[in-house]
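S.K.: The primary structure of each chain is shown beneath.
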Amino acid sequence: MSQVNRLDGGQIDRAASFKFKFDGKDFFGHPGDTLASALLANGVRLMGRSFKYHRPRGPLTAGSEEPNALVTLRDGARAEPNTRATTAELFHGLTARSQNCWPSVKFDMMAVNDAASDFLAAGFYYKTFMWPAPFWEKVYEPIIRRAAGLGALSMKEDPDEYDKGFRHCDLLIIGAGPSGLMAALSAGRAGKEVILADEDFALGGRLLSERLEIGGASALDWTAQTVAELSSMPNVRLMPRTTIIGAFDHGIYGAVERVSDHLAVPAKGKPRQILWRIYADKTLLCAGATERPIAFENNDRPGIMLASAMRSYVNRWAATPAHRVAIFTSCDDGHRTAADLHAKGVKIAAVIDTRAQAPQSFDYEVLAGAEVSNTKGRLGLTFVEVKLADGSSRTVECSALGMSGGWNPNVHLTCHQRGRPAWDSVLSAFVPGGSLPQGMSVAGAAMGDFTTHGALLSGAKGAADALGIKTADVPMAEDAPPKQAAFWFVEGAKRAWLDQQNDVTVKDVVLAHQEGFRSVEHLKRYTTLGMATDQGKTSNMGGLAIMAELAGKAIPEVGTTIFRPPYTPVAIGALAGRMRGMEFHPTRLTPSHVWAKERGAVFVEVGNWLRAQWFPIAGETHWRQSVDREVAQTRASVGVCDCTTLGKIDVQGADAAHFLNKLYCNPFAKLAVGKVRYGLMLREDGIAMDDGTAARLAEDHFVVTTTTAKAGPVYQHMEFVRQCLMPDADVQLISTTEAWAQYAVAGPNSRALLQKIVDPEFDISNEAFEFMACANITVCGGLRARLFRISFSGEMAFEIAVPSRYGDALMRRLMAAGEEFDVVPYGTEALGVMRIEKGHAAGNELNGTTTANNLGMGRMVSKKKDSIGTVLSERAGLNEEDALKLVGVKPLNRAEKITAGGHLMAAASPVDAAHDQGYVTSAAYSPEVGSMIGLAFIKSGDARMGEKMRLVSPLTKSEVEVEVTSAHFVDPEGGRQRA
Amino acid sequence: MIINHPLLGPRDSSEFVYMGDASLIERPDPEAETAASDFVEYAYLRDNPASWLRELWFHEGGDRSWLVVTRNTVTHEISQVEMARDVARSKGRSK
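Protein chains in written order, with the working numbering: chain A, 435 to 1413; chain B, 1400 to 1494.
Derived from the structure by calculation, the hints contain no laboratory data.
Among the hints, erroneous ones may be present.
What the hints assert, rightly or not - What the simulated footprint calls covered on chain B by chain A, stretch by stretch (three residues with Cβ under 8 Å from a Cβ of chain A suffice, anywhere in the stretch; the number is not a length):
1. 1413-1426
2. 1431-1438
3. 1441-1450
4. 1456-1466
Glycine included, C-beta positions come from ideal geometry on N, C-alpha and C.
Here chain A stands alone, though its shape is the one from the complex (with noise of 0.2 Å):
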């Protein structure tokens, strides 16, 4: 098909084609062109289905306000639904289908809704799906879903790559048109750093789509060298392209540059968006102005616009809609329309104009105090019914109307900071008013002011108030004053859109009114009015005006709904950024991860660290059999763990040990140089916080080590101690945990292995370094390094720690020198199976809701000092005589799975809430002990051993017998860790 409605000149590159598809049928248009200028250029006026009545529609606008012309572009992963035809860019190979139709735009299986409207109004489906209350799941949901609803996704992971950034800038100008552009010259003249944002790909805003002039020369020419001269200046960034979503607090403002949605497929190496965050000292909006639809019987037929859209479509881009075109028209601005049209010759079927007083035109005709009643043609528009002044009736044969209502300055981003615009009688319009953001000014239409030549000085002058710099002279400009009277709606119109999106008529707002929701916040919600992908840019003040009419109340007595973020929708990559798949966080990874990975460990993500959970070998086809053989090789001879991914905290001071006595709820001021000690610390509100334990290497100087999970939070708490309740105290603080590579090394063997690396002068035989020693010694032939007997598994054990560059090769000294002990890695798995032998507490205990008289630490606070969380560890309701204990529960029956979560009821009770004795925390398979086994909070646990129990878990459907037994399965007086 050929472009049957191109005309001659406009902004496109009619030496280039482009060839796109829309809905399987191939087309042509130019570099320049919008997807919806080229298929209007094609004589394509049909471009979707509204959203409810799957009514045809064609594009209302030729901007970013378009609620109806809504395509999925591009295909297969890339497929992007409810893009804007008016938005979209023409590329070569473009791709686009309507949406919201079946089997086709042209004939849509889903416009019966359209005859069954009168029982699809306002409130429908609040009325309509009550009850009964399952059928909303599963019936009625998934039935509206597939009837409603827009584009669909791919449900194919996004190929393309998205950014994030920072910039900063003195003066942030948001709009390219006349104002914004003025003021960029004003503030980059005068050096200032500017930022120059338009969510167009070419900068100049209306004056692309107007016949204007400028310093006596067309606005074009102006446009073309103030770009030119900004482009040339180094403290301007010009970013077309670019939507600023929202306005932020304290002059923060996030804008979507869409650096790769022009081009078939991003260059190499390029994001298809970037989502910025400027920093922006002050802001000048320039924002422009939206023109209001009139709401008339069938107005939403294709064909009909925006006159100024229609402007656009004709001056910009050489597309008309038709070749013979009606205006509806409330001010001098539609007679602009028909005037341009006129010149580019189109046939200006009439101008119906509602004013008595309209202006004469010599070109055609001009029916002045006259409406639209109706409309006809179902896939586009035929002719219009005309209401004349004398009350008689006129048929007016047209393919396209324009209806011109008047403007509305664009105050979105004035309210993101919850201001209110205010009411300008004169313009019939809201304007900024009330607080604005942070540093923001307005300049332009988006003030309201509406003429070339005001906008042109606003945006000077504005750059000047903000910056405090001299206004700059500003060329001469068209200077009509604005004449723009309130004309919503044709008087009797019931099937009149005023929210073409979202399907919402006169009717509609009308039947609200009557059954009482006359807030404007109600009405948009009973009503839907303003709720869809365009935010009612083109239907709200409509929607207003009506109610206003229906309560007897002025409009800006009515009010406005708020504007919020974002302005335009963004796709979630945006804001994703590369926070994707594993990228969605960072991967820490421990000293020895490349050993483990060389021995193919299986690897556990334990908060941002990725663990080697066990070390599977030949021939072993199950974990367990991997994990039981760590336990037993360790505990039979030895096994070495990588621990490094536990917290350490450097704390030094002269005040060092009285802050940690302050911090722990157990006693550290006498621990001794050269000995560590377990430590709890509680919560101020006496719930254990975390555990770990402390080594004091000098008088002066602890370390400190948490649990991986809370490495962080401890530091914050430690840090919140020292400079908010002790800010005197001597002690300094530094996370130490990666400048550390720490390794367990535990089992009976465990000493005579360590005796093969730490070099000989440190003697550390049972006499000489006893259980809970702590040393700093050298390793190796002189590697400074750092030895704790401690034991996590409850063999004799220790930790060594040497500067995590050495990690690595450590690890494979210690493997080498274990051979003739037959030395076993071990992963978490083995660690949490040894540890749940000993009893040991971990997170799964930790829980934020017990406290140390749970964990059966109750005797460690200590009474003989003030340490956070000991008073309110003290009261009643945390020490009652039933309180929670923790003990060990094995089955009945060796066969039988413990489950964790599972909770513990008497022998003979009913299994309720009421009866419940408690829960279990941990549970692991214990070769040890031959069967699964369990660490429990019970009830007076303490005092329960041996009573038999019963374990459920409703989730799943299981019951157990169990016994209680003390937490410790392994070893409970403690001899082998003290070997």
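We have chain A already, so just place chain B on it with the hints.
M.R.: For chain B alone, kept in the frame of chain A given last:
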């Protein structure tokens, strides 16, 4: 939001961790006769004003200072930023 750190100048609030009411600096005397109820109030009861509030922010992504930020909870306006350590000293806290 932008927090004007007394040592480091204006920093984005995303560098900080928020901990709420700065009254947490005023930890009660554990030796007082009313210690039990004082600590309940300290640990659990907070004013939640729709206006100015002195709050604790931790510069986790920076120098690890605790700051006392005086912020309007309605407008997010920040009128004062102090080192928490100085505030603690002014409240008579020492070691």
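S.K.: Hint by hint, say whether it matches the structure.
M.R.: We went through each hint and held it up to the structure:
Counting residues of the stretch 1413-1426 of chain B whose beta-carbon sits less than 8 Å from any beta-carbon of chain A gives 5, enough to reach three: the coverage restraint holds. Interface restraint, the stretch 1431-1438 of chain B with chain A: holds (3 residues with C-beta to C-beta distance below 8 Å; minimum three). Only when three residues or more bring their CB closer than 8 Å to a CB of chain A does the claim for the stretch 1441-1450 of chain B stand; here the count is 3, and the claim holds. A stretch counts as covered by a chain when three or more of its residues have a beta carbon under 8 Å from one of that chain; for the stretch 1456-1466 of chain B and chain A the count is 5, and the coverage holds.
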